[in-house]
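S.K.: As you go down the protein sequences, you meet chains B and L in turn. Residue 77 in our numbering sits at position 77 of the first sequence, and the numbers go up by one each step. Residue 21 in our numbering sits at position 21 of the second sequence, and the numbers go up by one each step.
Hints in this document: simulated from the structure, not taken from any laboratory. Please read these numbers as outputs of a predicted model, since none were measured by experiment. Certain hints may be false.
Unchecked claim - Lysine to any residue pairs mimicking SDA-like chemistry, simulated, CA-CA at most 20 angstroms apart:
#	chain 1	residue 1	chain 2	residue 2
1	B	42	L	111
2	B	42	L	10
3	B	42	L	3
4	B	42	L	8
5	B	42	L	101
6	L	57	B	29
7	B	42	L	5
8	B	42	L	26
9	B	42	L	38
10	B	113	L	39
11	B	42	L	109
12	B	42	L	88
13	B	42	L	106
14	L	57	B	2
15	B	58	L	100
16	B	22	L	42
17	B	42	L	6
18	L	57	B	27
19	B	42	L	40
20	L	1	B	43
21	L	57	B	1
22	B	42	L	9
23	B	42	L	2
These are the residues of each chain, in order.
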Amino acid sequence: GENVEQHPSTLSVQEGDSAVIKCTYSDSASNYFPWYKQELGKRPQLIIDIRSNVGEKKDQRIAVTLNKTAKHFSLHITETQPEDSAVYFCAASKGGLTGGGNKLTFGTGTQLKVEL
Amino acid sequence: KAGVTQTPRYLIKTRGQQVTLSCSPISGHRSVSWYQQTPGQGLQFLFEYFSETQRNKGNFPGRFSGRQFSNSRSEMNVSTLELGDSALYLCASSFSTDSDTQYFGPGTRLTVL
Numbered sequence: 001g002e003n004v005e006q007h008p009s010t011l012s013v014q015e016g017d018s019a020v021i022k023c024t025y026s027d028s029a030s031n032y033f034p035w036y037k038q039e040l041g042k043r044p045q046l047i048i049d050i051r052s053n054v055g056e057k058k059d060q061r062i063a064v065t066l067n068k069t070a071k072h073f074s075l076h077i078t079e080t081q082p083e084d085s086a087v088y089f090c091a092a093s094k095g096g097l098t099g100g101g102n103k104l105t106f107g108t109g110t111q112l113k114v115e116l
Numbered sequence: 001k002a003g004v005t006q007t008p009r010y011l012i013k014t015r016g017q018q019v020t021l022s023c024s025p026i027s028g029h030r031s032v033s034w035y036q037q038t039p040g041q042g043l044q045f046l047f048e049y050f051s052e053t054q055r056n057k058g059n060f061p062g063r064f065s066g067r068q069f070s071n072s073r074s075e076m077n078v079s080t081l082e083l084g085d086s087a088l089y090l091c092a093s094s095f096s097t098d099s100d101t102q103y104f105g106p107g108t109r110l111t112v113l
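Chain L with its partners taken away, still in its complex shape:
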């Protein structure tokens, strides 16, 4: 089975722009969670989508949003980028949404200038 994939792998944006990141889960998995990883804050949960519905949301501003499509692929969007949004954005997929085992993608490295 193919693993979790994320595109693009690297992005450079400037402040004020918006960005969309994509995640394709493992085939058959219906849950996709997003995490932000930074040296200062570590790994922080953004949100989880299951069967096209947002299941959980972390403590991030409304500039961070996401969605999930019928094929379980998920996108996250960050609007009005700030310098502090520079981070590695990881998605993780799992079969169900009940403390299920999560498998991470390689991440998208976002740099905001």
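Bound-form chain B, shown alone:
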């Protein structure tokens, strides 16, 4: 089945710096790649997602890039703020004709700490 690897497991940056989290997936049929942010004791919240027909997507300070050939996608956060501190999860799924439905395979998470 699908395997998603996520790096780094922890990331510490200074406020205002950029943060990059990288994920690789194993199943070339995967076509949907969401990123979730989970604060301590809270539910995972979708922050951005990308589909396989798009190479890059941006929403204010957050962007995601997808390289289907390398089976690799990344989350970029610019101008980091203390409130960005949380655990970030990448995920992959393969719906449509492959019959994957909404099953998400998650990476192991990245603990991002934004220091003042």
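Use these hints to put chain L onto chain B, whose structure you have.
M.R.: Only chain L this time, still in chain B's reference frame:
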């Protein structure tokens, strides 16, 4: 629109007991997926229900089961609880079942003693 809700929020059970967790999706959403979150295994997919039918199943033993009702509300059941079943159980709802955007509920924290 109200978000995804889950009840109860916290549960304490003993080994061998069974438990039922409930999830109410966002109004109009017909797909409900369940995930188990633990510090050791991370977020793992349990199963997905769409229009009262199980759409997908993860790699969990048969002790884990679920169902969905005509109003899209879903329940999951765990029988013969084991210590290792202690986890945060999250459900997520989406409109369709084709790699659709999923919105998570707050989760049910299950502790098995």
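S.K.: If a hint holds in the structure, say so; if it does not, say that too.
M.R.: Here is how each hint holds up against the structure:
Of the supplied pair hints, the one linking residue 42(B) and residue 111(L) holds, its CA atoms being roughly 17 angstroms apart against a limit of 20 angstroms. With a C-alpha separation of about 14 angstroms, the suggested pairing of residue 42(B) with residue 10(L) holds against the 20 angstroms cut-off. Restraint check for residue 42(B) and residue 3(L): satisfied, since their Cα atoms lie roughly 14 angstroms apart, inside the 20 angstroms limit. Between the alpha carbons of residue 42(B) and residue 8(L) the distance comes to roughly 15 angstroms, so the proposed pair stays at or under 20 angstroms and holds.
Of the supplied pair hints, the one linking residue 42(B) and residue 101(L) holds, its CA atoms being roughly 19 angstroms apart against a limit of 20 angstroms. Distance hint between residue 57(L) and residue 29(B) is fulfilled; the C-alpha atoms sit about 18 angstroms from each other, no more than 20 angstroms. Under the criterion of a C-alpha separation no larger than 20 angstroms, the hint pairing residue 42(B) with residue 5(L) is consistent with the structure, at around 13 angstroms. For the given pair, residue 42(B) sits about 18 angstroms from residue 26(L) by alpha-carbon distance, which is consistent with the 20 angstroms threshold.
Distance hint between residue 42(B) and residue 38(L) is fulfilled; the C-alpha atoms sit about 14 angstroms from each other, no more than 20 angstroms. Proximity of residue 113(B) to residue 39(L) is assessed by CA-CA distance (about 18 angstroms); at most 20 angstroms being required, the pair is judged to hold. Our distance criterion of 20 angstroms between C-alpha atoms is met by residue 42(B) and residue 109(L), whose separation comes to about 11 angstroms. Only pairs whose Cα atoms come within 20 angstroms are accepted, and residue 42(B) paired with residue 88(L) is accepted, the gap being roughly 11 angstroms.
Of the supplied pair hints, the one linking residue 42(B) and residue 106(L) holds, its CA atoms being roughly 6 angstroms apart against a limit of 20 angstroms. Restraint check for residue 57(L) and residue 2(B): the C-alpha separation of about 14 angstroms stays at or below 20 angstroms, so the hint holds. Pair hint residue 58(B) plus residue 100(L) holds up; C-alpha atoms about 19 angstroms apart against a cutoff of 20 angstroms. Taking the CA atoms of residue 22(B) and residue 42(L), the gap is about 17 angstroms. The hint holds against a cut of 20 angstroms.
Between the alpha carbons of residue 42(B) and residue 6(L) the distance comes to roughly 13 angstroms, so the proposed pair stays at or under 20 angstroms and holds. Restraint check: the Cα-Cα separation between residue 57(L) and residue 27(B) comes to about 17 angstroms, which is no more than 20 angstroms; the hinted pair holds. Taken as a hint, the residue 42(B) and residue 40(L) pair is honoured in the structure, with Cα atoms around 18 angstroms apart against an allowance of 20 angstroms. For the given pair, residue 1(L) sits about 17 angstroms from residue 43(B) by alpha-carbon distance, which is consistent with the 20 angstroms threshold.
Our distance criterion of 20 angstroms between C-alpha atoms is met by residue 57(L) and residue 1(B), whose separation comes to about 12 angstroms. The hinted pair formed by residue 42(B) and residue 9(L) meets the criterion: a straight-line CA distance of about 12 angstroms does not exceed 20 angstroms. Restraint check for residue 42(B) and residue 2(L): the C-alpha separation of about 17 angstroms stays at or below 20 angstroms, so the hint holds.
Taken one by one, the earlier hints all hold for this structure without exception.
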